[in-house]
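Colleague: The listed protein sequences correspond, in order, to chains Y and P.
Read in order, the letters of the first sequence are residues 12 to 123 in the working numbering.
Read in order, the letters of the second sequence are residues 63 to 175 in the working numbering.
Just so you know, nobody snuck in bad clues.
Okay, the calculated beta carbon distance ranges per label pair: (1) P/77 x Y/21: 26 to 34 angstroms; (2) Y/107 x P/120: 14 to 22 angstroms; (3) P/112 x Y/13: 26 to 34 angstroms; (4) P/78 x Y/65: 43 to 51 angstroms; (5) P/88 x Y/121: 31 to 39 angstroms; (6) P/114 x Y/107: 22 to 30 angstroms; (7) P/142 x Y/25: 38 to 46 angstroms.
Read the hints as simulated data drawn from the structure, not as lab findings.
By construction, the Cβ of each residue, glycine as well, lies at the ideal position given by its N, Cα and C atoms.
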Amino acid sequence: DAGVIQSPRHEVTEMGQEVTLRCKPISGHDYLFWYRQTMMRGLELLIYFNNNVPIDDSGMPEDRFSAKMPNASFSTLKIQPSEPRDSAVYFCASSFTLYEQYFGPGTRLTVT
Amino acid sequence: GQQLNQSPQSMFIQEGEDVSMNCTSSSIFNTWLWYKQDPGEGPVLLIALYKAGELTSNGRLTAQFGITRKDSFLNISASIPSDVGIYFCAGQVGRGSQGNLIFGKGTKLSVKP
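Full structure from sequences and hints, please.
Modeller: Pasting the structure below:
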């Protein structure tokens with residue numbers, strides 16, 4: 012079975028550019044989560060969806076960050092404009108219940 | 063907000079040794095999970111615990127949900143080189159549609175053959 016799919020795996024962009032990260036959750040999972048991982052702060056939940064509806068976006072750091080889930084098989088996390096402090100690994104995870112989350116391989120974002 | 067204190071931060075052990083790590087909090091959690099992350103990959107779920115006092119095994123891994131609901135432990139028996147990685151605990155306060163996962167900072171395990 013395919014796991015959570017994320018693209019791209021690596022993204023290098025210049026400050027001020029728009030960045031879009033993509034995620035395809037595991038089929039049948041009702042929950043989708045976006046996390047950010049840095050050395051300093053560890054794993055942080057940014058936002059999560061249930062049945063394509065955003066439930067909690069309190070972890071989204073600023074208005075520069077936005078996330079959408081237009082259907083059950085696709086979600087995007089967008090940063091506009093990007094800044095160097097946004098450099099991190101961004102993970103998408105999905106789950107059938109709220110608890111046992113399955114993570115994708117991550118997108119390593121570098122903003123110069 | 064809730065915080066999880068995971069210890070030790072790192073461990074360097076000999077192959078064949080047993081490993082113990084734990085996670086503590088000042089808050090009560092209703093669910094505890096343990097994940098392992100390999101370099102360049104996402105965390106992989108190892109064990110999920112749902113009841114205080116619960117003891118669950120997954121091969122050489124055993125995890126326990128503390129009686130006070132404020133801590134959890136993970137043990138690895140007879141470590142092998144592929145056990146190398148970062149182990150994260152995660153706790154969840156709410157139930158149902160509430161409650162996000164809060165992650166510890168991880169325990170980095172190194173195994174010497």
